Amino acid sequence: MIQAFANPARFLSFSAWAWPFAGVAALILFAIGAPWALVFSPGDYQQGESVRIMYVHVPAAWWALGIYAFMGGASFVSLIWRHALADVAARAAAPIGAFYAGLCLVTGSLWGAPTWGTWWVWDARLTSMLILFLTYLGYLALHAAIDDEERAGRLAAVLCLAGLINLPIVHYSVEWWSTLHQGASLLRDGGAAIHPSMLGPLLTMAGAYAAAFAALLLANMRADVFRRRVEAARLRRARAS
Amino acid sequence: MSADFTDPVWMYVGGAYLLAALGFGALGVVIIGRLTRWARAARMDTESS
Amino acid sequence: MSAILALFRRDLALAWSAGSGAAAPVGFFLGAAMLLPLSVGAERTLLGAIGAPILWIAAALASLMVLERLFQADLEEGGLDQMLLSPAPLEALAAAKAAALWVGVGLPIAAAAAPAAIALQAPPAAAGAIALGLAIGEAAFLFAGLVGAAAAASVKRAGVLIALLVLPFFAPPILFGAAAAAAAAEGAPFGPAFLLLCGTTLFALALGPIAAAAALRLQAT
Amino acid sequence: MILALHDLALARGGRVLFENLNLRVAAGEFGVIRGRNGAGKTSLLRAIAGWLRPHAGRIAFADGVDASSSLHVIGHGDGLKGGLGVGAHVAYWAGLLGGERASVARALDQVGLAALADLPARILSRGQARRLALARLIVAPRPIWLLDEPAAGLDGDGKALLDAMIGAHCAAGGVALAALHEALGPNPDHVVQLG
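Residue numbers (my numbering), protein chains in the order written: chain A, 1 to 241; chain U, 1 to 49; chain H, 1 to 221; chain P, 1 to 195.
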């Protein structure tokens, strides 16, 4: 399957219909999920209405991690099989993943404000997410700093894989660290605490985030493929004249 | 309709959803803008050469 | 094996030579640590509580400073080419460079941490433990920072970039190291935090050289 | 046959430098690479050293010959550290490249830098720095020499020294490939014209 998308032409013909399809799917899922989460699902017996922020916060956390894992996979493929499209995929996913991580931090802070009375709490999950956000920034900064695109891609891939290995270490050390400072955090992000009636909107919103990522990724990749094609053509013309 | 709209916390809830919507919108505009710009440049290249 | 020793001795000689001696990083470390009482005030109990952990931040910043030039000079001067021609694996050579930096800069910083801790109102009995913790922590910083230094070696004035790249890798050692230092400063048992710190150092010893060698091979093309 | 290029093509930054280059170098032979700047002389040498992936074709070595044990590269940057001693450089290279430490003094003497052994390398002139780099070839003997404009910065005696070294190396069965702008070393068995 991976080889099938090796050449950009086949990717372009596939993504031509795939990204709008995913985009429409995302819009539909948001149209179903958002009102369901905002109005029709029950408030939390303790936190009241503020729990509704969970439906935009938790999927962002899941997918911020999911996208980084996707980038890790793409980086691995691009490094091992020198697969140009995998490099384009990792690079196109980075800004989207960074947005999801940032959105997770902001919505986490908005959720924390009414429940704890402060805008930022060094809760284990938020701290890990902050470090993941910095990891994204590092990846984007490395790409921006190196002008030779091919080498930048492979160096960023090495960094991405190193970061991927580092994430579980950060997760558990921050968990350990947070038990040192204060009790288990209020901000439970799912699992037992999720009341079945809340699962419906949560999974719908998670699906919407996934479809949005797919659409934005494919569109971003198409843009990159066209950009490299146009720049290569300009380079050839400049050299020919 | 089990949502209690009188609760003042709606400011935060609304804010979170609004920010999410604005974020997705901005990212979408940027990426789709990039796509159309470069797609048009690529098409012009193929037509002219 | 002699190749690794040769590189270790060369880098160590360079680290201690007048040119890029350990004076600058240690001086920076002490200066940064001194900013705390200047900014927070010299009030004993407050300083005592956060003084020891602040040393970890100062040590992390000092490590970032020396990491920038770790591979950049070799890349520019063709030194990297010779390393690639050596029979010794590149991973071992990258580790040798980090080890030379640890001995040449890391240990002096850890040694300077003892008087600095006392100056920051930590109990003198704890100074030894804090210095030992920093010696282990410096190894974690320098080895974990290898990948950032290698990835950004071809970028001019890459200091800021390297800092951003390695920050996520510095989080675990700082976290456990500062906790150990704080515990030591309060006279509390710092065993578990210290062992976890050693864990992050071992992790950095393993991941750093391998990731750095992969990045260096890419830099050579 | 020590080294062979089969339909080798190299590209740099998306631009193809040259294509289907074929070359077979046997023991004791000397090859010269000519071409204007940017024609790919350095890239060719770096590709043979294994640091640049060929755009097409391949580079084959005789068995038992690989980059980390049988190659020397003398390039533009000589890997000199200003703060490190002249003699210390040669000792470092002996260790790094698997040479004998005993031959450090002999190598320094042969390149005419024995008097400066204890001084830091920053005091060396460009020609002396290039001579120091040549000491690498002596202190860690290896069969294949890849020389990228090795005479750059050398004065008359320096060129004579390099001339003799290449001659002796090839006579002893070694292989040398040099990117040159002027005539140097024995008359070449192969001339590769790029660009």
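It is worth saying that the hints were derived from the structure and are not from the lab.
Hints are not guaranteed to be accurate.
Distance condition first, Cα-Cα at most 16 Å in a straight line; then the derived EDC-like pairs of lysine to aspartate or glutamate [claimed, not checked]: (1) H/LYS156 <-> A/GLU175; (2) H/LYS156 <-> A/ASP147; (3) H/LYS156 <-> H/GLU76; (4) P/LYS159 <-> P/GLU149; (5) H/LYS156 <-> H/GLU91; (6) P/LYS159 <-> P/ASP148.
Counterexamples of contact, computed for chain A against chain U with all Cβ distances above 10 Å [unchecked claim]: (7) ARG10; (8) ALA34; (9) ILE53; (10) TRP81; (11) LEU85; (12) PHE99; (13) GLY102; (14) TRP111; (15) ASP147; (16) ASP224.
Among the chain U residues that face chain A by a calculated CB cut under 7 Å, a handful are [said to hold, decoys possible]: (17) TYR17; (18) LEU18; (19) LEU22; (20) GLY25; (21) ALA42; (22) GLU47.
The model shown is predicted, which means the values in this text are computed figures rather than measured ones.
Positions of the beta carbon are idealized from the N, C-alpha and C atoms, including for glycine.
Going through the hints against the structure:
1. H/LYS156 <-> A/GLU175: Measuring from Cα to Cα gives roughly 37 Å; hence the hint is violated.
2. H/LYS156 <-> A/ASP147: holds, 12 Å
3. H/LYS156 <-> H/GLU76: holds, 10 Å
4. P/LYS159 <-> P/GLU149: holds, 11 Å
5. H/LYS156 <-> H/GLU91: Violated, because 24 Å separates the two Cα atoms, which is more than 16 Å.
6. P/LYS159 <-> P/ASP148: holds, 14 Å
7. ARG10: Holds, because the least Cβ-Cβ distance between A/ARG10 and chain U comes to about 16 Å, which exceeds 10 Å.
8. ALA34: Non-interface label fails for A/ALA34: nearest chain U Cβ at 7 Å, not farther than 10 Å.
9. ILE53: violated, 4 Å
10. TRP81: Holds: least Cβ distance 26 Å, greater than 10 Å.
11. LEU85: holds, 16 Å
12. PHE99: violated, 5 Å
13. GLY102: At about 8 Å from chain U, A/GLY102 fails to clear the 10 Å cut-off, so the statement is violated.
14. TRP111: violated, 7 Å
15. ASP147: holds, 18 Å
16. ASP224: violated, 8 Å
17. TYR17: Constraint on U/TYR17 satisfied, holds at 6 Å.
18. LEU18: Where the cut-off is 7 Å and the nearest Cβ of chain A is about 10 Å from U/LEU18, the hint is violated.
19. LEU22: It is violated, given that the least Cβ distance between U/LEU22 and chain A is near 10 Å, above 7 Å.
20. GLY25: violated, 11 Å
21. ALA42: holds, 4 Å
22. GLU47: Interface hint status for U/GLU47: violated (12 Å vs cutoff 7 Å).
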